[in-house]
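Participant: One letter stands for each residue in the lines below.
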Amino acid sequence: MTDTPVGAPPQLVQLLTPEGERVRHPEYAFEPDPQTLRSLYRDLVLVRRVDTEATALQRQGELGIWASLLGQEAAQIGSGRALRPQDYVFPTYREHGVAWCRDVDPVTLLGLYRGANLGGWDPNAHNFHLYTIVIGAQTLHATGYAMGIQRDGAVGTGDGTRDAAVIAYFGDGATSQGDVNESFVYASVYNAPVVFFCQNNQWAISEPNERQSRIPLYQRARGFGFPGVRVDGNDVLAVYAVTKAALDRARRGEGPMFIEAFTYRMGAHTTSDDPTRYRISAEVEEWKHKDPIARLKALLSRGGMAGADFFDEVERDADDLAAHVRQSCLSMPDPDPDDMFAFVYHEPQPLVQEERSWFAEYQAGFAPADAAEPARDDLAGTTQGGAR
Amino acid sequence: MTDTPVGAPPQLVQLLTPEGERVRHPEYAFEPDPQTLRSLYRDLVLVRRVDTEATALQRQGELGIWASLLGQEAAQIGSGRALRPQDYVFPTYREHGVAWCRDVDPVTLLGLYRGANLGGWDPNAHNFHLYTIVIGAQTLHATGYAMGIQRDGAVGTGDGTRDAAVIAYFGDGATSQGDVNESFVYASVYNAPVVFFCQNNQWAISEPNERQSRIPLYQRARGFGFPGVRVDGNDVLAVYAVTKAALDRARRGEGPMFIEAFTYRMGAHTTSDDPTRYRISAEVEEWKHKDPIARLKALLSRGGMAGADFFDEVERDADDLAAHVRQSCLSMPDPDPDDMFAFVYHEPQPLVQEERSWFAEYQAGFAPADAAEPARDDLAGTTQGGAR
Amino acid sequence: MSPTTIAKAINEGLRAALERDPKVLIMGEDVGKLGGVFRVTDGLQKDFGEDRVIDTPLAESGIVGTAIGLALRGYRPVCEIQFDGFIYPAYDQIVSQLAKMANRSRGKIALPVVVRVPFGGGIGAVEHHSESPEAYFAHTAGLRVVSCSNPADAYWMIRQAIAADDPVLFFEPKRRYWEKGDLDAAAGPQLGLHQARVVRPGEHVTVAAYGPMVKTALDAAVAAEPDGTSLEVVDLRTLSPLDLETLEASVERTRRLVVVHEAPVFLGLGAEIAARITERCFYALEAPVLRVGGFHAPYPASRLEDDYLPDLDRVLEAVDRSLAF
Amino acid sequence: MSPTTIAKAINEGLRAALERDPKVLIMGEDVGKLGGVFRVTDGLQKDFGEDRVIDTPLAESGIVGTAIGLALRGYRPVCEIQFDGFIYPAYDQIVSQLAKMANRSRGKIALPVVVRVPFGGGIGAVEHHSESPEAYFAHTAGLRVVSCSNPADAYWMIRQAIAADDPVLFFEPKRRYWEKGDLDAAAGPQLGLHQARVVRPGEHVTVAAYGPMVKTALDAAVAAEPDGTSLEVVDLRTLSPLDLETLEASVERTRRLVVVHEAPVFLGLGAEIAARITERCFYALEAPVLRVGGFHAPYPASRLEDDYLPDLDRVLEAVDRSLAF
Ligand SMILES: Cc1ncc(C[n+]2csc(CCOP(=O)(O)OP(=O)(O)O)c2C)c(N)n1
Ligand SMILES: Cc1ncc(C[n+]2csc(CCOP(=O)(O)OP(=O)(O)O)c2C)c(N)n1
Ligand SMILES: [Mg+2]
Ligand SMILES: [Mg+2]
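Protein chains in written order, with the working numbering: chain A, 377 to 764; chain B, 377 to 764; chain C, 9 to 333; chain D, 9 to 333.
Next up, chain A with everything else stripped away, as it sits in the complex:
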């Protein structure tokens, strides 16, 4: 029996149009009160503002690189706000909006991009794993974590504070990686409580979707025997509704689900990238009309749920947050070189110990005889070290 792919054009789950109109969907519903809508709006604006500030900090040399979430705020806030505290998140390197929902101070995110650390937060304090840079690797961690939840009996008990799910974020490009597909195999075979959340921002650096798949990405899931759904990733209400349904399902013990959040990377891949080399500005312009924030603002305004006061207040909050981020970034201490050695192993390791003491002594050799503080900076660029 042949099984050819569905020919019909894929439809998006959408609850809020780009123009800010509420629409209904036969399967997914979300009827937030005005307060919730305002709160979501605030989230969207704040994470965008942090993102803008981080981009600026990078331009000013304070960050080595930055991966902007511009355009993907709704996909991240909608899914992040659907999580319960006991759920666990496995992000890529771009989930600053989800981090926000998990109460990770945005400043903490900058450490990695500033080169001050490799991931500065305590994952278990936020149920938000460290950023994973190797494309796709985290989807297996997420699946394993979900298998752990099953073994803890924290799925399908009906206790809303106990049953937990995992959400794994990844991009459109990531769907090509062996690891991601293996995670689909493991998750489906074990019926693990994991939601695969793919932000299809149309690009993997310079490569468009067609380099990764010839059918809509959400349809990948049906090859593994679990449901896939495409949602308007710029519609925070639809993303919330779909993610909540998927998480509920997983927590009930009904297994994995694949969500494709159809969105757009409005900026460069990272601050190192130059998208003018590979995409036309008309495409970007088109997506501007689908902006996730504008449509929620339109809904709030037109529905009389928020006025200028509110919008101004959010702007001020955003500015304050941006100032906090900037301030804390600038005052972020440089890491201690000893950190290179301190965390390689949990238990003592003689080679690391040897190299660690050698380095401490070596460094001390650069300190001027009469100064207590090492003055390595003074020596940078000179041809002779104090150790000689």
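Simulated from the structure, these hints should not be mistaken for lab results. Any given hint might turn out to be false.
[Unchecked claim] The calculated DSS-like cross-link candidates involving lysine-lysine, where the alpha carbons are at most 30 Å apart (straight line), are:
hint : chain 1 : residue 1 : chain 2 : residue 2
1    : C       : 41        : B       : 664
2    : D       : 41        : A       : 664
3    : D       : 31        : D       : 16
The model shown is predicted, which means the values in this text are computed figures rather than measured ones.
Position chains B, C and D with the ligands relative to chain A; hints supplied.
Facilitator: For chains B, C and D with the ligands alone, kept in the frame of chain A given last:
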């Protein structure tokens, strides 16, 4: 839009029932003349006979191990006979029946299992690649080869002697490997002329299908945007028809297709395996009724297309072939130790050259002073080498 | 104290770990009903259930990747890689995730994952079933790499590896799985996981080996004795970190060192040992550290493996060369 | 003869190869319109088309695996791995397939595949973008491993690598991509692919380096001169095989050797060089071969990379230690 897996029980393409009745299928047809049917029967019997002989040779210590195709003859002969000379085959370690169709002398297959070599035939002389033991790795080679065919302009020209396709064999267990899924990505994205031929023999060593997938394996393909079909892998006619259709399609430039040949591993995984530890004999008994050879014999007999003479002749041919295999196996020379070094690189490599000469000298040191031939065997097990 | 095999000792060690700590899990291909292709996990799924002794899909990256996830949730997975040559699909997860997570998280995350690898040749197998990939992992910071050579060590070392909060690559000498030795599971371990052992004291040359080659080195020592050559044999046991103190003490006495492993010599463990011992014992050494190992060639067809693998004669040849300096 | 950068020289080398041999292909992530994240393949897709300069799906095992298939069909693919730390998903295809196919087929199959890897640190990048994984490949028989350090070598070595019938891992010193040097593409190459070069003659200590560390070694030599210490700097160029003759000749004169690389010292190339040179020059050496390299730790956050990476001071510290023996 959710996309839940099809609930209906998967149906097999079948053209010949286990009882030997011809049946029709709306999509696939094959109306072979009696001569072709007899020829297919002969193939099936001969490759089974070789397999039995190889198993016996292993039991007698002539082979280190053997991976039996018992039960999978129709899947291999049906697909192998659907190939054109210009097509290229990427086998696993069990495709002895396909090798037969590519005119690889069965003896040549034994070298690897005897430990005499790592693959004894010339792949390009038969358009039959060496056996690949690392599960799934060959599916990427097959896809790359198919991309090469595209670049050679040998697809979609309409010239039946020029247009070529690739067939990649793999097992049910292999479908879980990252590489196999990546090959689906590459093949579909580039629309490469490759047929993915999965012999679902129900077991991956001790693990049943449920450890690899929760839906029928042929449905994997739809997650990648190309057709998948399940065929009765014990029905040589159906396998032929489906494989031919898939290869034709690929040669026409219509891209990849996934065939799941639903069959059964009647024997142990290899001669090292003990299936009584993990599967019940009732299952094996049940599959005996679906034997690929018996049903074709029934068709031939009942249809008056072959009589005792023919069947006897085939038995004699099989015995002759088995004798040839046994004879040639026993007289297969042990490899020359210098072979260890001779083929590591195509171009000279000083380290290999150094080790090669060192070893030659070292070995020569074991030769008794008065003998021209090295007599290493005499020294085996002694505690002192002649080199000292 | 009772005689047992290495395979059985590891099985006992796994069983003890499963009994003592409900967080310990076993996972891999065919580890359940089959008990693994070497039967090292025999009977464990029957006694501890499918949730703790997990038959995984046929995907090694998936095995290690999900083990990492399970460890993040507080479990202590012990992964079996069916054969040495099948660890490479998991290489990315091991090198970029398993090895680096502790450091990435500044110590906030521990990944107590053990990866068991039956390794080495000599069993007459087909390609990819006889490899010695340990150097690939020893070069990787964040991993611990050990190898056992006898039943008692096998038992204690697997228990110590499981107890460790760092990831451990545990290399099992598959061709010695059925060799017997005494095991007293009631007594504690004699050594820490990262200590080498002088298994045979001697005077003239130190021979350092690990895993399957320890027996070969001991055989060589026996063979050399009648010639009046006294070999000191060190079972390294730990490859990363190395126990250089034990080795150095031995070499300071014997002044000569031969390192033996099945892995190719070029960039094998012997290279690092040669470099470090030469630096530490520069004035003591009467000869350069010599190495006996596999050739710079893929592991050959099994009818050639006796030629490929270091054996007693090859060890003695190197000993003679060392003594000739 | 015109000044050019290393990145541009490789680009020119690729272009020349594409022009001369229709079987040469370029493949990798973002190598097309973007020209690669380092622009090394800039303009090539435009000029040679999408069939020859192939943007691949985001899957490294797929890149190398399909490159093998293309090579089996008679093509000569040049794969780009975007950054060093992303080669591990392709490890199985490289180690078990690419490296072993010639041997497996008894020479009937050649896989002339080049895998280009921008490697090493010093560019202020995030994790996985600054690694030096060359030893993992040099330990693998069947592969050739080289690294260039200047534009002329970059041009000729990539052309020689593409012309070779064996698979070549081609390590490009990413932090030196924009360093300038003379390139005369009309003259032929001065050296074979597997020859080292004495880039600065000297008397007291030989310093051997490759890729990005050649410049560091040369800087150290300049810095040492006023003190009266004369360093001979050898650019190894080839890591597998090693050009031991050139090194040995140098060490026989200087009697001291320091090996420098960014990769961790433990089981890095320096280990093998130390072991072999000590064996070859046992009586000539006045000091043990010393090694300067990365620490046994994952590559650190970039604000620490200047502490992690060997620099001129670390080289000179080792030179002093060597001279003190
Ligand atoms: C295994 C691996 N290969 C290559 C890279 C380099 N790289 C970083 S991001 C990226 C594109 C990712 O695209 P996508 O998955 O769509 O995520 P996005 O960045 O668009 O959010 C690539 C190729 C990497 N990080 N990991
Ligand atoms: C990467 C890898 N992992 C593990 C193995 C060991 N192994 C050999 S055959 C096999 C099972 C294969 O099952 P399947 O794909 O169904 O093929 P079959 O043997 O049933 O034909 C396993 C796990 C291997 N060869 N390669
Ligand atoms: Mg993307
Ligand atoms: Mg099978």
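Participant: Confirm or reject each hint.
Facilitator: Going through the hints against the structure:
Pair hint residue 41(C) plus residue 664(B) holds up; C-alpha atoms about 24 Å apart against a cutoff of 30 Å. Only pairs whose Cα atoms come within 30 Å are accepted, and residue 41(D) paired with residue 664(A) is accepted, the gap being roughly 24 Å. Note on residue 31(D) and residue 16(D): the hinted pairing holds, with a Cα-Cα distance of about 22 Å set against a maximum of 30 Å.
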